[in-house]
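Peer 1: Residue numbers (numbering that gives the first Met the number 0), protein chains in the order written: chain A, 0 to 425; chain B, 0 to 175.
FYI, nobody ran anything at the bench for these hints, they're computed from the structure. Errors might be hidden in some of the hints.
Result set (EDC-like, lysine to aspartate or glutamate): computed pairs, CA atoms no more than 16 Å apart in a straight line [to be verified]: (1) B:Lys102 <-> B:Asp3; (2) B:Lys161 <-> A:Asp146; (3) B:Lys38 <-> B:Glu135; (4) A:Lys315 <-> A:Asp299; (5) B:Lys11 <-> B:Glu135; (6) A:Lys315 <-> A:Glu411; (7) B:Lys156 <-> A:Asp19; (8) A:Lys333 <-> A:Asp146; (9) B:Lys102 <-> B:Asp85; (10) A:Lys333 <-> A:Glu167; (11) B:Lys161 <-> A:Asp325; (12) A:Lys303 <-> A:Asp146; (13) B:Lys38 <-> A:Asp41; (14) B:Lys161 <-> A:Glu167; (15) A:Lys130 <-> A:Asp146; (16) A:Lys3 <-> B:Asp7; (17) A:Lys303 <-> A:Glu324; (18) B:Lys57 <-> B:Asp76.
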Amino acid sequence: MSDKIPGFSTLAIHAGAAPDPSTGARTTPIYQTTSFVFDDVDHAASLFGLQAFGNIYTRITNPTTAVLEERVAALEGGTAALAAASGHSAQLLCFHTMMQPGDNIVAANKLYGGSINQLNHSFKNFGWNVKWADPEDISTFEAAIDDRTRAIFIESLANPGGIVVDIEAISAVAKARGIPLVVDNTMATPYLCRPIEHGADIVLHSLTKFMGGHGNSMGGIIVDGGSFDWSANGNYPMLSQPRPEYQGIVLHETFGNFAFAIACRVLGLRDLGPAISPFNSFMILTGIETLPLRMQRHSDNAKKVALHLSGHDKVKWVSYAALPEDKHHALQQKYMPKGAGAVFTFGVEGGYEAGVNLVSKVELFSHLANIGDTRSLIIHPASTTHRQLSDEQKTAAGAGPDVVRLSVGLEEVDDIIADLDQALSS
Amino acid sequence: MNHDSYSDTYIKSILDEVRTIAMVGASANNVRPSYFVLKYLLSKGYEVWPVNPGQAGKEILGQKVYASLDDLPGTADMIDIFRNSDAAGQIVDQVLAGDRLPKVIWMQLTVRHEDAARQAEDAGIKVVMDRCPKIEYGRLSGEIGWAGVNSRTLSSKRPSLKSGFQHRGLSGNKAD
């Protein structure tokens with residue numbers, strides 16, 4: 000191609016994926032192999048020593064997965080990426096590369112519940128602490144940072160509340176304190192929002208959701224923005240210090256502006272092991288080819304459904320940033336002007352019983368705990384994902400008794416609305 | 000020449016054009032970046048002459064090490080500078096004062112010297128600064144994508160293969 004930078008839809012189809020040079024296969028092949036043959040001992044030594052590019056073992060790199068990684072790096076405007084078995088394992092590998100025991104993460108308290116669990120419980124077993132801040136009050140981030148803070152973690156579009164976070168304001172806090180800003184961009188996808196352009200240093204995804212988009216494959220990814228100086232002080236020894244795992248190599252010095260992604264791979268994925276299956280990489284790659292079309296339709300459908308529900312007599316309130324009266328509408332217009340995504344919450348008249356009734360009566364919507372499928376999905380958090388919490392805790396978590404969450408799919412929007420109408424009225 | 004942003008066409012023309020590379024600051028330490036780059040360029044068929052006074056007369060990766068640019072066995076097509084920016088200025092002065100002008104002067108990642116670049120360009124020499132030839136070769140051949148790195152290239156053409164497994168070239172490259 001010429002030196003002109005291709006557009007988003009072109010990258011979604013082509014980035015990372017030249018034809019297979021041996022067979023001419025145009026779709027990226029599924030390299031369903033554990034291992035790769037060396038030319039000779041010297042070639043093997045070069046690969047193990049990170050001196051040559053190439054594959055050794057699918058737990059570390061795989062050619063199908065590499066296309067997925069380059070594709071997402073290109074879509075996010077990053078320098079490199081590392082895929083993992085799930086969004087949760089991508090978070091594990093990301094923070095493993097930043098944290099030492101006793102360090103802490105300052106995290107937004109409006110996060111996917113699974114992430115809150117990971118930070119609150121599992122990470123504490125590694126000696127990684129979490130300090131919570133409120134993304135609707137930026138000063139709480141500044142106040143929470145101390146000299147052991149090694150990362151700030153937010154979601155661009157917070158699940159499930161539909162909160163659009165002011166990435167640039169939090170990035171300014173991060174930059175002033177020399178701390179990387181890690182942004183989970185799962186709900187928005189790079190089609191709606193590109194956090195690196197707003198100051199994020201690292202972007203994470205659960206590829207399981209909208210990137211794959213069809214509810215068939217688990218995956219996660221870490222995108223390296225390439226902008227953070229890991230060697231400014233001694234706070235990130237995985238990158239700035241000689242590594243005994245590789246005879247004393249200094250990864251930041253050797254790999255420059257994509258060193259973080261390499262460190263997550265060769266120090267994290269290699270030793271912790273949550274590699275994505277090449278088959279899942281293939282499925283997610285296929286999904287990404289239509290990401291621009293799908294995300295626009297998801298957003299357009301969701302806005303129509305939200306508008307309909309906001310005038311419905313069985314609905315108390317609707318929280319969706321694309322609605323002009325929503326308190327996050329101005330931030331949505333700034334950070335994701337093409338749409339506010341597929342997911343939003345609303346409150347049903349009649350509280351807990353009405354919520355249970357609604358999820359029982361739907362016929363097109365699927366009652367399950369996921370988002371980002373072609374199909375429309377519905378869940379009543381108070382009776383499922385947040386069931387174990389007290390009423391006060393449920394309300395604080397945005398999962399009060401009347402709250403219903405939708406992930407609006409790609410069906411005909413009239414059918415989606417008709418299904419909600421019949422279920423609300425029955 | 001805009002040294003903040005090089006076109007892929009410009010970089011590829013350089014990697015296609017040169018055959019011999021004098022690497023100033025080549026290290027014998029096998030975890031140093033210069034050693035990585037030297038090994039990679041040799042694997043891609045370039046002739047590389049390491050320059051390092053501390054290693055003069057010894058070999059790095061089977062290549063004889065020279066004490067200075069004045070000792071090279073011929074005219075290098077490219078001078079690859081693995082030194083800091085101040086040293087790069089002195090090296091360019093030394094090159095321009097001699098009678099064996101290279102086609103290209105290349106300064107590694109983080110190395111920039113605007114005055115030296117201008118003087119070299121005035122003498123008809125192409126200049127690249129703050130880049131790595133291993134990364135650029137890996138990008139333009141597609142190899143770097145195997146590590147999940149964004150090559151910032153797209154192509155529907157067959158990648159160029161060299162002999163052996165996992166070994167790509169640049170289409171039309173003289174070093175092939």
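Peer 1: Work down the list of hints and note, for each, if the structure agrees.
Peer 2: To see whether the hints hold, each was checked on the structure:
no. : hint                  : result
1   : B:Lys102 <-> B:Asp3   : 20 Å, violated
2   : B:Lys161 <-> A:Asp146 : 51 Å, violated
3   : B:Lys38 <-> B:Glu135  : 15 Å, holds
4   : A:Lys315 <-> A:Asp299 : 22 Å, violated
5   : B:Lys11 <-> B:Glu135  : 8 Å, holds
6   : A:Lys315 <-> A:Glu411 : 25 Å, violated
7   : B:Lys156 <-> A:Asp19  : 9 Å, holds
8   : A:Lys333 <-> A:Asp146 : 32 Å, violated
9   : B:Lys102 <-> B:Asp85  : 22 Å, violated
10  : A:Lys333 <-> A:Glu167 : 11 Å, holds
11  : B:Lys161 <-> A:Asp325 : 58 Å, violated
12  : A:Lys303 <-> A:Asp146 : 47 Å, violated
13  : B:Lys38 <-> A:Asp41   : 11 Å, holds
14  : B:Lys161 <-> A:Glu167 : 46 Å, violated
15  : A:Lys130 <-> A:Asp146 : 13 Å, holds
16  : A:Lys3 <-> B:Asp7     : 10 Å, holds
17  : A:Lys303 <-> A:Glu324 : 15 Å, holds
18  : B:Lys57 <-> B:Asp76   : 23 Å, violated
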